[in-house]
Amino acid sequence: MDWQVAHGCVVDPDGGIRSASLWDHSDAYPWPGGDLDLATPLLPALSQRATTTQEPAWTTELTGELPEGWALAAKRAGLVSGAAIPIITDDGVGAVLEFLDDHPIHLDDDFVSLFHEVGRQLGSVVERERHLAELDAISDELRRSNLELERFAYIASHDLQEPLRKIVGFSQLLTRRHADALDDEAAEYLDYVVDGAKRLQDLIQDLLHYSRAGRDDLDLEPLELTDLVDDVLADLSMAVDDAAATIDVGDLPQVAGDRSKLTALLNNLVANALKFRGDGPPHISISGHRAEDGWEIAVEDDGIGIDPAQHERVFEVFSRLHTREAYPGTGIGLAVCRRIVERHGGRLWVEPGHDGGSVFRFTLPTVDAATSAHEPEETTR
Amino acid sequence: MTPKPVEILLVDDDPADLRLTREMLSQSKVRNRIRSAADGAEALAYLRRAEGFEDAVRPDVILLDLNMPGMGGHEFLQEMKTDRRLSSIPVVVVTTSDEEADIAESYALHANAYVTKPIDLDQFARIVRAIEDFWFQVVKLPGDIPDEG
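Protein chains in written order, with our numbering: chain U, 1 to 381; chain L, 1001 to 1149.
Treat each hint with caution, since some may be false.
[What the hints assert, rightly or not] Estimated spans, in silico, between C-beta atoms of each pair:
1) Lys1081(L) - Asp184(U): 50 to 56 Å
2) Lys1081(L) - Ser124(U): 54 to 60 Å
3) Ser1026(L) - Val317(U): 39 to 45 Å
4) Ser145(U) - Pro1005(L): 47 to 53 Å
5) Ile1127(L) - Asp184(U): 42 to 48 Å
6) Ala1104(L) - Ala239(U): 56 to 62 Å
7) Asp227(U) - Ala1104(L): 47 to 53 Å
[Said to hold, decoys possible] DMTMM-like, lysine to aspartate or glutamate: derived pairs with alpha carbons at most 20 Å apart:
8) Lys166(U) - Glu188(U)
9) Lys275(U) - Glu224(U)
10) Lys166(U) - Asp1122(L)
11) Lys198(U) - Glu325(U)
12) Lys166(U) - Asp1120(L)
13) Lys1029(L) - Glu1007(L)
14) Lys166(U) - Asp1014(L)
15) Lys275(U) - Glu188(U)
16) Lys1081(L) - Asp1039(L)
17) Lys198(U) - Glu162(U)
18) Lys166(U) - Glu141(U)
19) Lys1081(L) - Glu1023(L)
20) Lys1029(L) - Asp1098(L)
21) Lys1140(L) - Asp1039(L)
22) Lys166(U) - Glu1023(L)
23) Lys275(U) - Asp248(U)
24) Lys198(U) - Glu1105(L)
25) Lys198(U) - Asp1120(L)
26) Lys275(U) - Glu342(U)
27) Lys275(U) - Asp235(U)
28) Lys275(U) - Glu351(U)
29) Lys275(U) - Asp307(U)
30) Lys1081(L) - Glu1105(L)
31) Lys75(U) - Glu61(U)
32) Lys198(U) - Asp1122(L)
33) Lys166(U) - Asp1098(L)
34) Lys166(U) - Glu1105(L)
Note that these hints are calculated values from the structure, not bench results. For glycine and all other residues, C-beta sits at the position ideal for the given N, C-alpha and C.
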């Protein structure tokens, strides 16, 4: 059997069948299909049946099946039989192939099951193509949104700060150079202008840190957490001395991480423990132990603590539980911390401490786990 | 004998920014003369004494903003640091951006220093002072070397 005319149709998710404008016909049978505008199937009833039953359907009485006008063309071309073969994907029939022939055809069981199988195979090809196209669309979308993020970060780091510098700079020039011309009230107002603009700059800077914590590439290496904590404590030594804080550092593991990101994380947690201290000299302990899914590190303080109802809120961007007068800051620190931990494949959460303070806990993968996950080529050497 | 004033070329498109920087430099203990160009192209025309800039004085140091309409700071660096006659003039990038990419790109294009402008005027004054101390007093600049001709 050789088909004189073939026509491809697409089945839409709502079950509607439309022409895909795919035609194929033998040279001996000049067929106007490709030139004529046909939106519907060539064999509407047969294609509908093939779609519903998911089985090939055919006829040897072609005339009644064709749309008006096409019957004549078929008759002139001597076409007498037609068949509709469903292409089956995971979501049902995704397409129908229609064939016309100049011999009366009869499809026997073998032929039907052969076509059925061909339809399935074609269907999986169609499926795969469709998924690839979807993946392509998603990764295009991701690329675009990443570019937009980078653009945003640049705007935040430059364009938004430029006008702020001007507001602050000239307000300060006024108060410095023209103090004589200003009364106390005017000077006070200018102080508020400067204060507001500086605050806005802090917010922009912090948003930028937050966005960077999510988008910068991680530079993973084996790190001794003890060394990182030493660096952080040296960096915070003035605040530690000011608060007369005692800091216990227990045994800490080696982890796989990004040095600057994990340093920022520890710095933030320890600085918070110092900042939100109680009335007496604070006592802070940093410890680690092996957990089910890697290492778990705890930074515990005996400070003012956090209402358990607020335990999740503290990780939101710009969330603050206290006034700026009581505790300065924008409220981004813990949101950045959570991003850093999550980028490393861990979790960060807070629990009430033993002495009324808070314990911040985070998990990090072990060096082995991180190495095998990130550098599979290492194992082949 | 009074030493000749330090010649500074400010490249910045923003009049308010230029003004602030001029204000800060005007308090300098080192005598200086300030010229300005609104973008990279104008700065190059000035440096090359192109038409309209026949009387241009070769600057001892250039303070360069990055974000400018037309020829921006990076393109200016690219152009100027590959010009044998101009490449020896030290360029200090002074900008609001603290994006790592901007910093890396500037040094890759042979900027001599990169400074982020702080928002606070007093901090900015300190930074301008530090630039003066280092570039006008500590280092020897190519122009200081006596001609051996």
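State the violated hints by number, sorted upward, taking the hints as numbered earlier in the document.
-> Result: hints 5, 6, 7, 9, 15, 18, 19, 20, 21, 24, 26, 34 break, sorted rising.
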